[in-house]
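Throw the hints in and build the complete structure from the sequences for me.
There are 2 protein chains.
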Amino acid sequence: MNEIVFWIAPIAAIAALVYARGFYKEMIRQDQGTALMQEIGGHVSRGAMAYLWQQYKIMLVVFAALAVVFAVLAYQFHVQSTWLPVTFLCGGFFSALAGYFGMKTATQASTRTAAAARTSLPDALRIAFRSGAVMGLVVVGLGLGNIVFWFILANLLIPAGDTGETHRMVLITTTTLTFGMGASLQAMFARVGGGIFTKAADVGADLVGKVESGIPEDDPRNPAVIADNVGDNVGDVAGMGADLFESYVGSILAASALGAAAFMHDPALQMKAVVAPIMIAGLGILLSILGVYLVKTEEGANQKQLLDALGRGINSSAAMIVVVSLAFLFLLGMPNVWGIWGAVIAGLVSGVIIGRSTEYYTSPSYSPTRQIASQAEGGAATLVIAGIGVGMLSTAIPVLTVGAGTLLAFLFASGFDPSQMNQGLYGVGIAAVGMLSTLGITLASDAYGPIADNAGGNAEMSGLGPDVRARTDALDALGNTTAATGKGFAIGSAALTALALLASYVEVVRMELIKIGTTVLTLGHGTTVPTDTATLTDFMTYYSVNLLNPTVLVGVLIGAMVAFAFSGMTVQAVGRAALLMVEEVRRQFREDAGILKGTSQPDYERCVAISTLGAQREMVVPALIAVIAPVVTGLLLGVAGVIGLLVGGLSSGFVLAVFLSNSGGAWDNAKKHIEAGHHGGKNSRAHRAAVIGDTVGDPFKDTSGPSLNILIKLMSIVAIIMAGVTVTYSLL
Amino acid sequence: MNEIVFWIAPIAAIAALVYARGFYKEMIRQDQGTALMQEIGGHVSRGAMAYLWQQYKIMLVVFAALAVVFAVLAYQFHVQSTWLPVTFLCGGFFSALAGYFGMKTATQASTRTAAAARTSLPDALRIAFRSGAVMGLVVVGLGLGNIVFWFILANLLIPAGDTGETHRMVLITTTTLTFGMGASLQAMFARVGGGIFTKAADVGADLVGKVESGIPEDDPRNPAVIADNVGDNVGDVAGMGADLFESYVGSILAASALGAAAFMHDPALQMKAVVAPIMIAGLGILLSILGVYLVKTEEGANQKQLLDALGRGINSSAAMIVVVSLAFLFLLGMPNVWGIWGAVIAGLVSGVIIGRSTEYYTSPSYSPTRQIASQAEGGAATLVIAGIGVGMLSTAIPVLTVGAGTLLAFLFASGFDPSQMNQGLYGVGIAAVGMLSTLGITLASDAYGPIADNAGGNAEMSGLGPDVRARTDALDALGNTTAATGKGFAIGSAALTALALLASYVEVVRMELIKIGTTVLTLGHGTTVPTDTATLTDFMTYYSVNLLNPTVLVGVLIGAMVAFAFSGMTVQAVGRAALLMVEEVRRQFREDAGILKGTSQPDYERCVAISTLGAQREMVVPALIAVIAPVVTGLLLGVAGVIGLLVGGLSSGFVLAVFLSNSGGAWDNAKKHIEAGHHGGKNSRAHRAAVIGDTVGDPFKDTSGPSLNILIKLMSIVAIIMAGVTVTYSLL
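Chains A and B, in that order, give the protein sequences.
Last residue of the first sequence: 732 (our numbering), numbering continuous.
Last residue of the second sequence: 1464 (our numbering), numbering continuous.
Worth flagging that the hints you see were computed from the coordinates, not collected in a lab.
Be a bit skeptical, because a hint or two may be false.
Stated by the list, open to error - Going by beta-carbon spacing under 7 Å, a handful of chain A positions derived as facing chain B:
no., residue
1, Thr-382
2, Val-554
3, Val-571
Beta carbons are placed, not taken as given, at the ideal position from N, Cα and C, and that holds for glycine.
Rendered as structure tokens:
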């Protein structure tokens, strides 16, 4: 194996952080515009930071409490990895740090983007996109950097013992998996809290401002307008970043753990299999940085040209990773290079197809969204029905894509020999890594969206001219498209990551069984196999993880139910928090008539505080459900029930998330389609119906849908770290 | 074994049909009221029959085509039971016959109920309820009668061969299972077609009549009013009847097949295990007839007293079956009597809890529906969001109940020995039979609902006095409660039946493997077992039906997706059909101004024809999807993929159905709560929002939700009858 392969990941991680810093410095140097623009930007920036600190405070309490629980389980009851209390806190800390940097950048960047838009579209795009890239690169840099750090540390500290080198490597990889728990829990708070914040503000601002008082969107007279802009940052920047930080870290760690297990017969091969996903991730970072420089446009570019500009960056990175990863897999000396490479491509292509499918179902350029818009002529009811129908039908392509991608990755990596289950599942892990390899640049295009959106808001509130707003509108529309595809990508990667984590769970169970002295598995018909060489199939037989075992079936049913109940909770949370916001905005209008006349300033801070409070109050219960469900299921139904739960949650959660996100996205764009002059245009009967559909879709697409990504990953990670407790104490 | 036990089922089946005839004759003798009442009743009755014949014509084509396919598969390719072409047509015919009788009775009964309501509440209740009992008893009578007939015929015609008596019994039970296919497919057409018909008419009538023209519900000036009343019959009587006919037949057949497999070591025990579910069903019929006579009330009874009157009949039947079934299980000489009895009770109690939970989440007497109503003050958007939140949360209790019921039935019947999987799964089948044992009377209370609803419509359209309408309103309100609990019961029984069918699938696969000469299963680690004595667990190992096999996982994902895509299709179908109705009603109002003045009669037939056409056009594709999905999955992914598909479809479909039904029911009652004077009452802002919510909920609760019951059962039955094709031709 070539020495250089080892160095790619650390170099790439450092490069990501260096370039992120560079892009940040470049952005900070730009003109901030007029005093009014800076004042508005300051409101948003302070509001976002205030929210973030508040969220971090609550998280600190939850994390501290859980760390104590983990410490007791680890040091008192010896049913927990002794690393967990530390890795857990680190995972949470670095995920939060990435969110902090990303959001700080985004809030600074939107004022400067608006300022640049006064004179130049290309400059505005460059500022907004490279600021988005700060988020993308910080996420992948901190993620991969941490993985490398923990691997090296585990390699140094975990002794060889008398179970041999291959066994030690399995222990190292399953130990580093514990880092995912903190990242996952922080992602849950960021997604759910951010999602509730942003939609409470959005719904509240719209219902009183647009519907009741008839003032336009982003009007500075609306007290909730700053909270709405803050929400874009805490939901779509910090929330999305934490979500993908977790997918990124989880997929790499899971793939490495599966690699260690798949090649236990040969220490040299095992090492390569563990390194491969980390290497691919490193290559992806370097190519993402390259891709960022390819995103540029010209003055007066239309929507298609702008989309092409982004596409150039993203697609070039993806195309290059296809070529480069093959070369480096050869350099690494992997066995079955073509199969592993096939798995990388299966993941990459799946991500592209899901993104395209999302675009088709939610863009006003295609028939599904246009049909929803035409149903607005029958009123709000038929529009809502149509949107739900489209959302449900839109689940077909993503599910079939992930299904085909998973099967192909499995078949490629197993050399088309289904009995090689370990190798095949390693391929599924590699596919997840492949899909996320160019996350540096795909996440940049996601984080770009809210920056452009806020730049538009700033331009509107600062009263900049129509030509400036035309530029920010163009950038904003581009952001809406990337937001939709970004959501599809986040869901798809969460599903693949959860699949990979599922297989890792069984590897962790193996370690736990060995720890408690179960050295032999009895498989029925008098067959026994040693625990440390048993195949994954043997574990399935040992625990009866088959689909006629009622324990498994009940687990699957509960998993499906948890996905729905969790969504119900988050949807209701938005409703409750939005109602508080509605009351506050009505109160301000009532008590100070000068606000609507524009003579006195509304109390923006109060609205930010209300959204913050609502989000904080509502985010804890859904988050805890994701933590508690696998623990309780494990204690009652054992390993078989837990696997059932994870599969039920994964399948229903994935499909439900696609449905919710696409329904919401399609309603949003059906409204925009009508506002563009179709079916009577603005303020028509159809438009009023479309506003209702858009509002219904808000919590669908920005709270419940994205939160489900985290639910399915967090339940898997909790199952993994609680494997010791399940194996030792389960009832059935 | 006592001789009498054998005679219970045929006697009960005949008794059911005799009493059904008696109740029908009794109803026909009643006064039909004024000429106007008879005319209106005639419109509804003719419309319903016209729809039914149209549906049967299309079904005839589809059934004939499929029968040919089955005949070719059976006689040409020898990969299909030679019985199927005949049993398939019979299953469809008798299911349709039950629907025909039930609907003929219901349409005749509503005029007479309205006529009786002119003088007496008790008389009106008696007529309506006993007419509902005609449906209930015809369904169970024809269902059980057919089962007995096919068992006897199979017993006579299937030779002993050289594989022994116990093997022959497995063959007999798996052969009779094919009867379920026709019943299931006819149920699909009845539920989907009826569901689209009724909601297209309802939504169309409401949008133009109530919302646009401001005329009250059931106003004779509304051209769609007759179609709306017809819809109640074709959807809630014929559709619900076909749904439960299938659950009833499917659960009994599945339990018998599982019994034959579970006791293959002992022919005497095996016979008892096959007979037990049939016997319990027979006892349930006799007790249901008894229960019907307990339903009576007094003049001036309030809602609670009316509910108690119904409850007396249903609960007495349920309580008696608990006692009587224990006695007869002893008489039958079943082994593990207490365990089997425990399974019966687990099923019965689960049904009751699900019904109660449905009532809690959808009745305006409890907080969930009231909270939805209070959200109407924020407008349609917050109301819709709240209803979706409540519906999603309401999935928890039914899922946990079915989960607990399944596990307990399994543990009881297996004597708390999880390795006795065959016995345990037989217990799950028995639980499904237990839940459905008193179907004769529970279905009576379902079919009662639309009769009372139509009686109210007739009273309104005939201009009867307010005291008459007070009586029909009381009966109608009672019907709304029974409709909600009936829906919960239909979903719960579908889930349990599908679980039992899942295990039967593997038994059918065993028969198919033996047929193609696979006499030995290789299980890995050098273990082999003979196919005809292999346990269900062995089959799971042989086919790798475990949750790490990507084939299974992809199957689960596809199953979950099919449930959503199928719902999306049916929801959109209602939207499209409703739009045609809206246009027709608008056209009639526009072209004849006399209609709204009340001087000329609208063209009712035209609206019925439009709903009929819409339903016919839209019902075929969703129905075919349910047929095609298991076949294609089987050909591509094999047995493991099919089982994954069934479990994915079952889990997501069950949860999704509960969500859709309960959201829809809760919106409906939130509207009624507001109409009762809360939050501003009728014609307030909140009421307008609630009407939108109710309209969104219409296809949820009456089309997509109930159709999912059939989807999960039909996919299982198709998998069973296509097992030969899957085993012989699958790719993976």
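For each hint, the structure was consulted:
| no. | hint | result |
| --- | --- | --- |
| 1 | Thr-382 | holds, 6 Å |
| 2 | Val-554 | holds, 4 Å |
| 3 | Val-571 | holds, 4 Å |
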